[in-house]
Every structure is written in structure tokens, then in C-alpha cells.
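Quick note on numbering: our numbering labels position 29 of the sequence shown as 29, and the sequence is numbered without any gaps.
Bear in mind the hints are in silico, worked out from the structure with no lab data behind them.
Nothing here was measured: the structure is a model prediction, and the numbers come from that model.
Don't take each hint at face value.
[To be verified] Label-pair ranges, simulated between beta-carbon atoms:
id, residue 1, residue 2, range
1, T102, G77, 25 to 31 Å
2, M93, A114, 25 to 31 Å
3, G12, R139, 24 to 30 Å
4, A94, A35, 35 to 41 Å
5, G105, G12, 33 to 39 Å
6, I29, E119, 30 to 36 Å
7, A35, Q125, 25 to 31 Å
8, S140, A114, 34 to 40 Å
Quick reminder that beta carbons are idealized off the backbone N, C-alpha and C, glycines included.
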Amino acid sequence: MSSTEGAPATTGRIEKIATTPDWYAPYLISQAVRAGGFVYVSGQAGFTEDGTTVAGGFLAQGRQAFGNVGRVLEAAGLTFADVVKVGIFVRDMATNLPHVITLRGEFLAEPYPADTLVEVVSLAQPDWQIEVEVIALDRSAA
């Protein structure tokens, strides 16, 4: 009897997920990868497809960041309902915690995913105020 008999089959394959246009390609980053029954979405900030940071402050950037995550999830055939873990990085926790809670309510639902919220000194662009990454369950892998 082999040591893998009775164990689920795994291919160890990693698949790149991208939207069109792929705004991360010039930076040699995958927007997301599918591996091991999950989709790992790279951090998304409040920018448009052409890389322009949205105006309107933290909530506008947060909605765009979550919207970008949603587009990447859609490219993977998933939705926010599949998200099991969220990472949110903000520049000013004291001011923006209520806004983060608002964004969670707009994009996530019960059972809420596990979440890590971290204040950072800076993000990849000096005008970015928030970045969001997620891990989603790939139900098609079951």
C-alpha cells in the first residue's frame, strides 16, 4: 500500500489568474494564483485600470480596492462569498477604523472571513491609503 493511497489527489499546480487588462504585469506580479484549493489575491489598492489613484479620500480608495479584488475574484470564477481570509493595510488606523468597518459591511457577509488589519507607514504609492488582499476557497478544486 502506497503512502498516498486514500489521500486526495493533488497536482501541485499553480495557475495565474488575471483580469484584462492585467495592471500588475509590468511589475512582475500575479494578480492572483490558484493553488492547493485556494485562490490567493495580491494586494489591491484604490487605483483604476490605468494605475491612477482614485480621488475622494479613504472610503473612495477602499471601495476601489475592494472592487479591484472583486474583479480578480470574478476572473477566477469566485465571489466575495468564497473569501476565507482578508488582509487590510491602512495608513492611518485611528482615523480610518470606522471606514474599514463600513467597507467590511459593504463587501463581506456572514460568516465574515478571518481578517488581519494592520497600520503601515507607507504603501507602494505615496497617495495610497489602503490595500486589500484576500484568500478565497476554490470550490471547484473539491
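Against the structure, the hints come out as follows:
| no. | hint | verdict |
| --- | --- | --- |
| 1 | T102 / G77: 25 to 31 Å | holds (28 Å) |
| 2 | M93 / A114: 25 to 31 Å | violated (19 Å) |
| 3 | G12 / R139: 24 to 30 Å | violated (19 Å) |
| 4 | A94 / A35: 35 to 41 Å | holds (36 Å) |
| 5 | G105 / G12: 33 to 39 Å | holds (38 Å) |
| 6 | I29 / E119: 30 to 36 Å | violated (23 Å) |
| 7 | A35 / Q125: 25 to 31 Å | holds (28 Å) |
| 8 | S140 / A114: 34 to 40 Å | violated (22 Å) |
Figure legend: structure checked against the earlier numbered hints; hints not met, in rising order: 2, 3, 6 and 8.
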